Structure formats: C-alpha cells, structure tokens
Amino acid sequence: MNDTVETTQTNSAETLSAPLSPGRKKRSPLGEVFFRLKRSPLAMFGLTVILILIFTAIFADVLSPYPYRKQDLTRTFETPSRDHLLGTDEFGRDILSRLIYGARVSLQVGFIAVGIALIVGGMLGAAAGYYGGWIDNAIMRVMDVLLSVPQTLLAIAIAAALGPGLFNLMIAVGIAAVPNYARIVRGSVLSIREMEFVEAARAVGSSDLRIILKHIIPNSMAPIIVQSTLGVASAILNAAGLSFIGLGIQPPYPEWGAMLSGGRQYIRDYSHLTLYPGLAIMFTILALNFLGDGLRDALDPRLKR
Amino acid sequence: MTDTKENAKGLLLDIQDLTIQYVTDSGTVHAVENLNLQLGHGETLGFVGETGAGKTTTALGIMRLIPSPPGVIRSGKILFEGADLLKKSEAEMRAVRGAKIAMIFQDPMTSLNPVMTVDKQIAEMIRLHRSVTDAEALNLAGDMLELVGIRRERMHDYPHQFSGGMKQRVVIAIALACDPGLLIADEPTTALDVTIQAQVLELMKKLKQQFDASMILITHDLGIVAEICDRVAIMYAGRVVEYADKHALYRRPLHPYTIGLFNSVPDLEEDKEELAVIPGLMPDPMDLPTGCTFHPRCSFATEECPVTKPDMIEAAPGHFVACPVRAAAQAGSESRGGEGQ
Amino acid sequence: MIRYVIRRILFLIPVLIGVAFCVFTLLYLTPGDPARMILGDMATEEAIREFRVKEGLDGPFLVQFGNYIYKAVTRGDIGRSYVTKRPVLDEIMTVFPATLKLSAFAIIIAIIIGMPCGILSAIKQYSIFDTLTMIFAMVGLSMPVFWLGLLLILYFSVHLRWLPSSGFDTFRAMILPSVALSAQSISMITRMTRSSMLEVVRADYIRTARSKGQKESVVIWVHALHNALIPVVTLCGLQFGHLLAGAILTESIFAIPGVGRLMVESIKARDYPIVQGGVLFVAITFSVVNLLVDLLYAYIDPRIKAQYK
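Protein chains in written order, with my numbering: chain P, 1 to 305; chain B, 1 to 341; chain E, 1 to 309.
Extracted from the complex, chain P is given alone in its bound form (with noise of 0.2 Å):
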C-alpha cells in the first residue's frame, strides 16, 4: 500500500534497486545474490580468505614445507626465520606446516558439524513444521531441553561422553548445534506452508515428501545458507575450544586449539607458540562470519542493517 517512493525512507538504498528498475537487465537469483555480495567489500574479504583457506586444506601436503610431526629437538622454541616462517615449537616442529595442517582439521570439523547439524536438525525441524500437532510439539520440547543447555557446553558433555578424536568431535560440535537449524527450518517451514504456492501444490495432489522437497526446502534456503556460515564459524571456535581444554583433537595431530593449549606454558618466554594458532582461527571465523554478514544482506536486503 505504501508508495513506492516511501519504501526509500523505510529501506536502504539497495531495495530501491530490485521494484524500481524494471528496465535494468535481469540475472538469475543466484546472479542477483553474488552481485549483491559483490559489492560488500567484507563479504568478498571473507569469501576470498575462506577460498585460500579451502585450497590450503586440500593442498596441505604439497603447500607446508616440513610435515606437521617432524621434530628437530635441536631446534625447539626458534622465532620466525627463514627456515622456519613462523617459528618453531617446543619439539622443534615447524609452525606454519601445523597451522597449514591444522587448517584441514579446522574446515573438516566445521563442515561436516554443520553438515550433521544440518541434515538433522533440517529434518527434526521440516518434519515438526510441516506435520505441526504432536510430532511438532514432541520435537520441539527436546529442542528446548537441548537449548536450555549453552551450545558449548553441551559440546563439551557430548564430548566428554563419547571420548576424544576428530570423529567424536565433529558429532558432539554437530548434535550440540542441532537445535539451532531445527527451529529455522520449522519457522521457515511454517511460514511457507501456508502461502499459496504450497497450497496449489497440494490441490493439484502433490505427495508430502514432494511438497517438501521441490517447494518448502528451495524457499526456506536464505536464512539456512546464512545459519549454516556463521555456524561453521562457531563450530570450528567449538572445537577449538574443545581440544583447548583436551577434548576432541589429541596431540601430535595439529588441531590449532590444541596447539594453543600446548603453547601456553611457555607464553611468558615464547608467545609466537600461541600467538599465530590464534590469530589462525580468528581470521577464519571473521572471514566466516563476514561472509555470513554479508549474504544475510544480500540474500534479503529488508533484513540489511
């Protein structure tokens, strides 16, 4: 009902854009999206730091100049040189081949924790929205009883249950997300249900199952794409944090929490051991989180700001 002209004062400039310019060429949604990243310059800081973090992960193994467990006790505790670019630590192993290590257990962890969250969660989740009544009221009381724990937390007596290891690790960081996607996903479900795409769907005799997947799930996609960046953030700080206090990742593996718990003994003489373990994982979660940032705006520019 509002002008057209009003929606200025209500919005930001970027919504102008999309109702207003019905002459400007068009791109396909996906295009829409990334050219609206495009222009947030801290989304395409993030987006490139999680690429190079991405090829450094995969290429760990030609990138790192000594492999993460080579010990040289002759040369323990060195600061950086040209031997060694960020150092030495207190077995003489050489920093940087850890963290370029450490960056595979990082991205793995997150990854496929927010993969376990999301598939669970997004089902738990669909399945309570789209069946309302008395599964989505059972569903949803576990969820509170999961939520009514803080997420790291209950990561940390997944954790402790089931032992450390990267595996165990990734499902007490991933179970304890759950909760999370499920109610996005059953917020966004409900909210779709009802409108009259769905309807039509179902007049025309779609199957549940169809309804779900050809209709409900590609148009609850923004808000998961943005919860699932921003939870491989958390779930990498998670499991940092985890193999910090000596869950999940053990030594000699290179987890960068865990190289920061080993450091920090020798933080009054030797903080280079601690100092670029932690400045690895905030600048993967600030990228993360950037991204994150930035395809919320993009993905919906009412939501901007």
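There could be a bad hint or two in this list.
Capping the alpha-carbon separation at 20 Å, the derived lysine-lysine pairs in PhoX-like fashion look like this [to be verified]:
#  : chain 1 : residue 1 : chain 2 : residue 2
1  : B       : K100      : B       : K87
2  : E       : K85       : E       : K71
3  : B       : K88       : B       : K100
4  : B       : K88       : E       : K215
5  : B       : K246      : B       : K205
6  : B       : K87       : E       : K215
7  : E       : K215      : B       : K120
8  : E       : K71       : E       : K54
9  : B       : K77       : B       : K100
10 : B       : K100      : B       : K206
11 : E       : K215      : B       : K100
12 : B       : K246      : B       : K208
Everything labelled a hint here was simulated from the structure, so no lab data went into it. Bear in mind that the values here come from a model prediction, so they are computed numbers and not experimental data.
For this one, chain P is given, so just place chains B and E on it according to the hints.
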C-alpha cells in the same frame, strides 16, 4: 503559475516549485518535481494520485520530515502563513510541527508507540506546545479521547488494546490536540475496514469544522475526495498535473491522466463491460520520461509532448492543467460554447 | 502477572527433567561402573551389590533414572565424585559462586559497554565511529575466549605487570578474566542494539513523535530506546548462558576455582558424575536466568504483560 494567483494573501499554504529527490547508490529518485500547490484558509484539498506519485513525500516535505539521507529538498519554497518553512531552523520547525501543522499517518497499527499508554502519547503533544503541567496535559488528553469517541476510562490503555479504527481515532486526537491550522491526513482510512473508514472520515470532517482547520487529504480514492474536499490536486510521477475546484474537476476533468483515473472507477449506472484502464505502468522515478512524464501512456500525445515539460495552464478560471493539448481543446470548446462560465 | 510467573515456572520443570534425562543417559553410556569407581578396586562383590541396591543403581535404565530424579529432588543427591568420593552437589556448590560471579561481572561489562556502543553506532550510522565499532564488534565476535585470555595475560600481566594472571579473590584479579569472557557478549549486544535501534528509528511511531515537534533527543532516548531494547533484553539472557559456558574456558586459563575448572579437571580424570552435575547445574542456572529475563521482558513490553493479565 507562481504569480498567476494574485490574491496570495488569503493563502494558508503556498508551495512553489518544490523539488524533492532521494539520492541513492542506484540512482536519483525524482520523487517530487517542480510542484506548485495552494491551500486557502479553511479549505480541504484532496491530493490524489497513484502509489508512488510522491504524495507522501510532499506531505513529509511540508513537515520537513523527509529522512535525510537519502532525501534532499532541491529547490522551492513552502510558504506557510507567509513564512518559508524551508528557511526555518530545526528548532523553529519543531514549534510548527504539531502546533500549527499536524499529521495523521496512513497506518494506525504502527503509528502509535507500542510501549506508551495512549494518554501519555496525546499528553506529550500538549506538553510540547502548551504551557500546562503534566497532570493538566493528561487531563486534556482524556478530553481529546472523549472528543474522538473513546471512553475516558480507556486513556491508560496501550495501543495494542485498541482496534485499528480506535487507534486511528487516537492518532486523530493527537493531531488535533494543539488545535493546528493545517492538518495533513495521509491516506487516513486506507488501512481500515470499509465500515470503519466511513466512521473515521465522518469524524475527521466534523472535527475539521469544529477546529476550523485547513486540511490536505492524501488519498487515491476519488469517492472520498468527492465527499469531503473543496479542491483537488491530481499528482502524477512527482508533479501536479491538474488542480481545480472539486465540482469543476468532476464535471470536466481535463488532464488525460485525470480522465483515465475517472474512467477506471467502476460505475454501476453505466454498466460497462470492462473498465477503461490507463495503458502502461507508472514510470521508473529514477528514469522519468522526457517532456511530459505522462506522454508514453497518453492517447492525446503529440510530437511536442516528449520534448517540452508542460507548464500549468489556467484552462478555465481556477482550473489549472499541465497539458497544453487539452487546455487548448478546453479553450476551443469554451469559445464555441460561449464565454463567461 | 502472578499467573504468568507460575506458568513460566511450571514450564521449567519438564525442561529440567529433560536435561537431567540427557545428563543421566550420557552418564549411563560412559564406560565405568559407578559402584566400582566409588568403592574402589579393592571392594568385594558383596559390597558393590549392596551399594547398588542402596543407591538405586540395580534396576533397569528407567528405574535408575527415576531413582536419580527422586534422590536429586528429595536429598539434592546427584551422585558422588569418583575421585574425592564426596557428593557432587557439595563439590559444585563450593566452586559455583566463583563461576556465577565471573559470569555476572562479564554480563554487566557487556551491557555497560555494548548497549551504549550499539545506540551511538545506530544514531551515527555510517560514521567513522559506527564503522570502527562494527569492525571491533566483528573482531570481538571472532576471538576465541581462550586466546583473548592468553593475550590479555601476555600483555597486562607478563609485559606490563599491571594485573595478576590468576586467581579470583581480589577485584584486580577479576578484571582480566571478566574482560576476556565478556568480549563476545559485548560484540553481540552492540550489534543487536544497533540493528534493533536502526529498525526502530524507521518505525512509523517514531515519525509520529517527530511530527509532534518532539526534540530529536527525546525521540531517540525515550521513544526509540525503550522499543529497541526489548529484543536486546532477550539477547542478554541468552548471552548469560554463553558466558556460563565460556567461563569453563576462562576459568581454566586464569586458574579460577570455578565450576568450569572443576569440570575440565574432572573430564581429564574421567570423573563423570562431576561433569554431568556441572552440566545440570549450568542448565538450571541458565533456565532460571532466562525465566527472570522473561519476567523482565513482560515488564518492559506491555504487549506481553497484557496477555497474562
């Protein structure tokens, strides 16, 4: 047209050559372009146009409440009681807002502060412009509520406890609390149910007379205009294209756009097969057509229309139209039909 | 209002039983026989059987869970430490105040810094202050609490020697851990306050207030702020939960004798009853805090209050 009306002294509001733009990353929105408008004391002006024509922007411009950025008032004068509002300082404007010019907004659901009781929201207005104590202001707020037809007992309620029509009554009470000379009502009934619309309109009509205020009624509903307005300004793509006495306009609309608007109103008596629809869409306000902005949709258009911006022409006494083609036709028909209407 | 409070408290009970169930299940699934762990390797089979009957550890899973709840509610008995053999409740209660104090300090810092920064950032949108605040907030959000803690120790304790790097008895000792812990919450609250504020200042009722001729300062600080803070209050409650969890990491860095450090030590020693008790305790605290926040929420938002009148 600025000087065409010599008896400018009797005017309450005289907008001259007002241009308002929204400057955004994706381009400049020409919301209001060289707009001229007059309003006499005690008059009610109907301000009619499609969504996006710039009616609300004009209203907010008068209040100096255009959000900036992105809004910029490029040029023009808004003479209110003889003084240019655009030259006033922010502090001076605050003394005008509410006290001399009050505004009723479109959506009563969102126009009231949800965490403040309605009496306090009315009293806030009173405290700002009258030297009364808090208690007196609250008492006056109760009086105002009764005036708009809400029981006094409900004065301590929150907005969410009222229905849409009741909320709009509260908004009206706020607007009239300080007895403003000019009331700007921006589609005050659009968001309401049809039955409530009539009640609210009736109330506004009554109170406007009671308070002896002038009013600008923004609407896209020609029926409402017929009911309560004295004069009508038709707005299209940021410009006023026709401005006339209500009776003259309804009897003989001149501008092709106005004619289109009238034709698209369903008429039970004529029983047409289908409604005449104005072809095409509102132009992109970032990329307005050259010359007369209506020419791409106009069936009267000549080769001159895309070239020259039409000025307002007084086609008949007090009847202005921004269309040389139709003004000439009117003049022609008048000379045939005899002078001295 | 009373009915609302009672309803909210009643809602809490199934949630807490649910948490207890999860905690109990995890404990049940972890390797190690509680009776054997507590009585030690030297205990006779006879003694172990007797202990199981006495502690309700002999029945099927659900019966055991029933016993667990019964003992927890009637006697506050949520098991015994495998290591010290003392009741879990006693162990936790001795260290709980430190954790609560740490979290409370952190949330206070976060609110005191986060809200004003968010408000100013929103008022001065796109200014240098806004840009810097948003970048700082993003960095704060991305900093692992354990790393920030180490950096603070490195700078303020090791280099400058201003503040102690461990302990939690004096005010000076509390500064570094509280600041480290609050960083993420400061960022969250800043961002939330800013976006909430930006949304509210575009609301129609703000335009109404301006159209009354109200001063911009009153429009912002009275009309906008109250409305903008409503979602922020909820966030603060949720943040308190994150802080309780973050306290686990912070305590182990700054050697603070709190629930977190106790849990980390218990994880290393495989003293599972303590770990589970700690989880239960944090969940209860978190739920109670959220209950209080909900009540506060109802107090500041008349729309909620009216629903339960």
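> Under the criterion that the straight-line Cα-Cα distance not exceed 20 Å, is the pair K71 (chain E), K54 (chain E) satisfied?
Replying inline: holds, 11 Å
>> Holds or violated: K246 (chain B) and K208 (chain B), Cα atoms, limit 20 Å.
In response: holds, 18 Å
> When you check the alpha-carbon spacing of K77 (chain B) and K100 (chain B), does it fall within 20 Å?
Replying inline: holds, 18 Å
> If you draw a straight line from the CA of K87 (chain B) to the CA of K215 (chain E), is it 20 Å or shorter?
Replying inline: holds, 19 Å
>> Need the status of pair K100 (chain B), K87 (chain B): alpha-carbon distance at most 20 Å?
In response: holds, 16 Å
> Given the hint that K88 (chain B) pairs with K215 (chain E), does the C-alpha gap stay at or below 20 Å?
Replying inline: holds, 15 Å
> Does K120 (chain B) lie within 20 Å of K215 (chain E) when you go C-alpha to C-alpha?
Replying inline: holds, 16 Å
>> Checking one constraint from the list: CA of K246 (chain B) to CA of K205 (chain B), max 20 Å. Satisfied?
In response: holds, 16 Å
>> Would the hint linking K215 (chain E) and K100 (chain B) be met if the CA-CA limit is 20 Å?
In response: Holds, at roughly 16 Å.
>> Hint check: K88 (chain B) vs K100 (chain B), CA-CA at most 20 Å. Holds or violated?
In response: Holds, because 14 Å separates the two Cα atoms, which is no more than 20 Å.
> Is K85 (chain E) close enough to K71 (chain E), meaning Cα to Cα at most 20 Å?
Replying inline: holds, 17 Å
>> Hinted pair, alpha-carbon criterion (20 Å max): K100 (chain B), K206 (chain B). Please report holds or violated.
In response: holds, 19 Å
The structure meets every hint from the earlier list without exception.
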